[in-house]
Structure formats: structure tokens, C-alpha cells
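**Student:** Got chain A; can you put chain B on it based on the hints?
Line by line, the protein sequences are chains A and B.
By this note's numbering, the letter at position 264 of the first sequence is numbered 246, and the numbering carries on one by one without gaps.
Take any residue in the second sequence, count from 1 to its spot, add 1: that is its number in this note's numbering.
Careful: at least some of the hints might be erroneous.
Straight-line C-alpha distance at most 25 Å; calculated DMTMM-like pairs for lysine to aspartate or glutamate [said to hold, decoys possible]:
1) K385/A to D13/B
2) K236/B to E298/B
3) K64/A to E78/B
4) K64/A to D96/B
5) K133/B to E63/A
6) K468/A to D13/B
Pairwise CB distance ranges, derived in the manner of DEER restraints [as the list claims (entries may be wrong)]:
7) A471/A to G140/B: 50 to 58 Å
8) Q160/B to W161/A: 51 to 59 Å
9) G140/B to A313/A: 56 to 64 Å
10) P249/A to Q122/B: 44 to 52 Å
11) N67/A to R223/B: 50 to 58 Å
12) A313/A to A34/B: 47 to 55 Å
Because the hints were derived from the structure by calculation, they are not lab data.
Ideal placement from N, C-alpha and C gives every residue a C-beta, glycine not left out.
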Amino acid sequence: MSVSRVNPELLRNLRIQLRPRRMIAAAAICAAISISAIVIYVHDPPAAGEEPTFLRIVLFLQLLALLVGGGIYCIQSVHTEKDQNTFDYQRLTPMSPLRLALGKLFGAPALAYFVVLCLMPLALFGAYVGRVGVGPFLQCYLVLLLGCITYHSLALLTSLFLVRGSSAGGIIFYLGLAWLGSMDVMSQGGPLAIHTLGPAFGLTLIDRDSSAGWGNRVGDLWDQFFGASVAHLWVLIVLYAAFTAWFLLALARNLKRDPSAYEIFSPPQGFAFVIFLNFLLLGFFQWATETSPGEAEAIILAFGLPLFAIFGLSLLRNRESARRRIIGLGARAEGWIAALWPMPYMLAGVLVTGFAVLKFIRLRLPESNEWNLGTGLFIVVVFALWLSRDVLYLQWMNLRRSKHPLVISVLFMIVFYSCSGALLAAFDLFTNKDAPFAAALVPGIILAPLKYSEWVAQRGAWIAGAILIAAQAFLFAALQRRELRKLAAASAISSASENSPSS
Amino acid sequence: MIHVENLTKEYDPPTSKGRPILAANGLNLDIPAGEIFGMVGPNGAGKTTTLKMICGLSLPTAGRVTVNGIDVERRPEEAQRFIGYLGDFFSLYDDLKVWEYLDYFARAYRMDQSAIPARIQSVIQTMGLEPKRDAMIGGLSRGMKQRLGIGRAIIHDPQLLVLDEPAAGLDPKARVDLRELLRELNRSGKTILITSHILSDLEDICSSIGLIEKGRLLRVGRLEDVMREGKAARKFRLRLAAPGFALDAWLAARGGVGDVKTEAQATEFVFGGTDAALAELVRDLVTAGAPVCRVEEITETLEQFYSRVSSGEVM
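Excised from the complex, chain A in its bound form (with noise of 0.2 Å):
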């Protein structure tokens, strides 16, 4: 590829970046480390059956290098930019904002990358004295490589969204999930039935019999998925490809928007985001096991609520945005129909998700004297009712005058929460027969989960119970109403003022 057809960013990254005095200094590091590595081994030799661990170091440096090097660049990359009053000009070009994010994503860790080639030589030397077969050996690197550019993908689309001056957090951000994802949450008996997510996974495969074929994984290395088994290495590639297109579908929507009317998807993406969310969840259950069905719709639902409650936040409408519909639709915009966002998305994303689950309970697991259809339903209706409720009181927070009305609203929920929930346990309300009331302040007691015998005995009250959850959802709405004709007649008096003259 000639460098007039490059793309620019990346082009500028790599110049940035790849100075000749700075490749000098890295590769003279790596040199120091290989050759230091070789005397070592050569002296102290592994004892037998450890010569992979030789090569396993060398991929935990290499992995060292573009995880966390890399996606601290990527993390740093758009927010310097913000903070130099120089992404402005980017955003001006007519670069489209795909080729401006690929441009970013592998030209900001584009050191790291080069660290990963100069280490490159001693991993071969590793390979060889390790008895690595080439097949596991590629397999490594591509686990590797694309778990890396997911990761940077992320963190790209974080750096997007950082504020001024928390650079720090979104830091501690990424490295938690980079940490999260090397937990194998399959074999420390999750409710999942998928090994490793990160590509630390990557470094496992080296101890692959060289004589097996892409796939053919030996031992204990294979995922569920809705009941079948694949391979893990599949899964991975097939996540690591769907991720990246989902937090570059984020990036090639925001990168070039006005700050201020961001928004992660829109609406529509961000409901097919969630749903696909809750497809891999739900595929990845673990029907095998011995779960009753009122368990597993409980696991299942609680896993979902925070897919639920980020899907949820990423629909919040800000002062800004609603002020412009006010502004672009009148009166609509200030309507019950407009006080009631973004309750249908949420409502429609639960019970979708709600009856899916219902629907493969009943297909993959026993019956149970404990758990019926008519019960499984009304949890799911509860549950969606409790998401639509405390997602629009979180919208009028947002549209409430404040400097940090989200943060503020999330931490009054906490509170209710805490109080709420500390109190019902003292007086002991979640037990008895008052829980279906309990219930109508917290919710997240139905996914205890709710009995059929329960259920029968006080299906009337458990009934008013989830009437209480719709009418706080309305009162919520109700006050969101009120906050959106407030900020009409704000504007409406703002306008009201004498226009400027025409030349």
C-alpha cells in the first residue's frame, strides 16, 4: 500500500508515534530484555514439560505491551485531542468519522504494536524451544491481536466520552474490565457456560496438542451455547468481531457530533444492542445444569438488568436535546407521549427479552411444582415495570436544573435503595405476607424468586402490588411532563426577546 493511499489519521498517529527516536529506545529495551531472556534460559534451562512457560512470558510481555499500553494510548487518544482544542479541526474535515475511529484505533497504539514486533524474535525462540506447533502458535496471536483491537475499540469509545480532567478514571475503567475479562467465569461454576472472554485466553492455547486442527480443542476448552458445543476459540472470534463493530458503530456515530448531543446509539441501535445482549446471555445459560425454572428466569433477569439499566441511561434525554424538540416540534414535545420516554424502548426490550426466556425454560427445563408460565410472566411483567419506573425517574432527574443531575439522581436511588431495602428487612416484609407491597418499593424482590404457591395464595395483592410500580412509573411521568413545559416557557420567554436586525 503506497502512503498517499494511507488513511490520514493513521498516517499522523504512525508519524506521531513511530519517531525514529522513540523506535530506537523501544527496540533497544526489547533487545536488552530477549537477550537477557536467551542467557537466562541457556544457563537454566526449564526442567521437562515446561518449556512452553519460556514462550508464556513472552506472550504475557507482548500481551502486557498492546492491552494495557495500548489502550491507555487509545484511552488518551480523542480525549487529549478534546483538551487541545485540536479535535475540532478533525471534526471539521470531511473525513468520514469510520475511517477518522480506524485511523485512531490502530494508529494510537501504534508503539505498542511495534514493542509486540520486537519481542516478536524471542516469542519464536520460545516457540521453538517449547515444541509449539505453528497452528496453536497463530491461534495465540489471533486470540491476541483481536481481543486487543476490542479492547482498544473500547477504549477509544470511552475516551470519547470522558469529561475533562478524569482521564485517571476512565483509565481504572478499562484496566478493571481488561481484569474482569481474563476471569474464567465457566470454571468457577458461573451460571454461564463460556470459558475466558479476554485475550489472556490466547496464552493457554500454546499448550494445545501441535497435531490438532483449528477447532478440534483438546480437553475441557468448549463453550455452550444454547445447549450445543463450540469451540472456544470460535466463540471468542466471533464476540471479538461483534463487539468491535458495535463500539465502532458508537464511534462512527459520535465521533464527529457536537459534544453536546451525544448519544452512545440511537434508539433503535441501542435496543438491537441490548437485544443481542440478552440473546448471547440467554445462549450461553447454563441449561444443563440442575437450575429449577424459577431460578433460572431469576439469573437470567438479574444478569440482564444492568444491560438493561446501561440500554436504559443511554436513552436519557438531556436539557439540551429536549430543548430542541421543544424548540423543532412545539407542543408534541411536551405531551404525555413525550413524558414517557423512554418507557416504550424499555418496555418493549424487557418483555422481548422476558418472553424469550420464558419460552426456552419451557423447552430446555423440567416442569416444577414451584414455577408455572402464568407466574414466569408476571415476574417479567413486574420486572419491566421496575426498569420503566426507575428509568423515568432518572429521565426527570436529568431534565431537572442541576450540574450533575445523573450523578445526583443515581445517588438518591442508591440511597433509596439502601434505606428502603434495610428497612423491609428489619420488620421482616420480604418474607411474609406483606412482600407483594414490599415489592412496590423494591421491586428486585419478585426475582427472589417468586413461588407459584406464593403467587397463588395472594395473587390479588401481588396484582396491586405491580399497580403500585405502574402508577409510580406515571408519576415519574408525570413530573418529567411538568420539568418539559417548564423549560418550554423558559424558552418561550427567552425568545420572546427582540430579534436582531437584518443586513
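**Tutor:** Just chain B now, kept in the frame of chain A:
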């Protein structure tokens, strides 16, 4: 070139009380091609916000901007091809060389690859940056960086240049150079929209002007028309070669003359007549024996004019 229609930008003040702030309050503006349009106003008047909305960098709360007939909000990338922008607190990539910086933007603006080196050379020459072609940007002076910033704005040869406070922080020599550079760019066919709170800078180069305050345009139009606005009569200063003639009394008795004041050797008066009537007045004065050696019109500076029409927040 630029058409601005009822442009409004409203946001909440940093405190949780008080009415929303209007950085732009229903602005209406037309800037024809080939103009150097100066936007004048104190800090916080809404100049930067307006410019950012014109460039499509900031979304208006209401209203519409078109550049060369293209709606900036709906088709930003298309409109932005015609725009070269330099922000107020601009910054460059310190780790790039001067030519690399221009090369980056030339590629980003999708210029013809084969034409890029020649274009970079031409811009470097126009900006007077030849000796710094291979220098790292981090080592350039403020004036040089300003030139490079403008060079970046014109690299794709846009029809419209939007410059926000380009003279801020420059020494007097660099400001003179900048004015000359802008005139040259205007002569080459570029429309220039420039903001400043240093009024003398704008007065020298602008053909049209807009006075903005608290998000509202107080006056818009050709510089001379705007300056003349609200003035029914012109002011003149008259000097005599020798004392002894009762000029004050003679002028006071004359029709159309008022507000006569004498200070030192000069007499100032307001005259409501035409140029022909003024010529007749001077002729009569000479015939009456006054040793007239100089007659000049006293024109208001932009600064004085701004003080007159604004709430007095002139810089």
C-alpha cells in the same frame, strides 16, 4: 456565501438558578461572497458560539445556517468543504513537523494526492514558513503557529475562512503581518469571517461588520453605512492660518451649522448640508476674509462608534 436564519443557542447558566443564557438570540445575517466580515463584541457576547454554529461544530438550539447554499446541520461534511476554520484557543500537533501537519489536513480534505506536495509548498510560501518547513511545531513561536493555523485552514483552498480572534496574543508586528495576509487572501477571492475584540484590527480590513452583544446583533452592514448610522449631521474641523477672524460668530450665524467649539487653533462644528453646501460655506468664508488653511471631516473610529451603540463594554 453565509446565510444565517433565526440562529439561537440557549443553555443553562452554571448555577442552578436564573434564566437560560442566550449565546445567540435569533441571529439573522447574510454575508455575500468576497467580503471580509468582522464580528465585533466583548468577551462572552456569543461570537465564538456563533462561529462554531456556522461551521457545524456546535448544534444550534433553533435556526439554520447555510454555507454556499448547503445546510450546515443537515449536510455538515458537504458544507465544511467550503470552510476553513481557526478557533480562538487553537492548538496544533506539537510532535509533527510543519509540512507533516499540512500534509495531514490535505489528505483529510481528500485533495488530489498528486497535487498535495505542490499545495503544501504554496501554502508554506504564502504563510512565510519556508525556513520552518521541517521544524517540529512544538518549537515554533506563537506568531508562526498562528500562521501555520491559518495555513491549515486554507490548505484545501476553501471559499470561506472563519477566523476566531486570530490576532489574540500576537505582537504588533505579527498583527500587521496578519492584516496584510488576510487582505491578500481576500484579494485571491476568499470570503473571510473574522471576530475580534480589538476594534482597530477590524476597522482596517473589514468591508462589512456586525456588532454583537449578549447574543444579539446590534448593527449589521457595510462598515461605512454602519458607522454613519444614527448620525444626521457630519462633524468638521476647520483651521485658520492666522488668528484674528471671528470664526465662531461667523459660523454661528450661518444656517445648517451647529455645535461650534474652538480649541487651540482649530474650530469644530456640526454641518447638516451636502458636500456642495459645504463647498459653498468654505468659499463664503474665504470671501469674508478668513485665512482658511485646512478643512477636514472628523470621522468616528470603530471604537467610538461601538461605545455609542453598545452598553459600553468595548475593549
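**Student:** For a quick check of understanding: which of the numbered hints are violated here, in increasing order?
**Tutor:** 11 and 12
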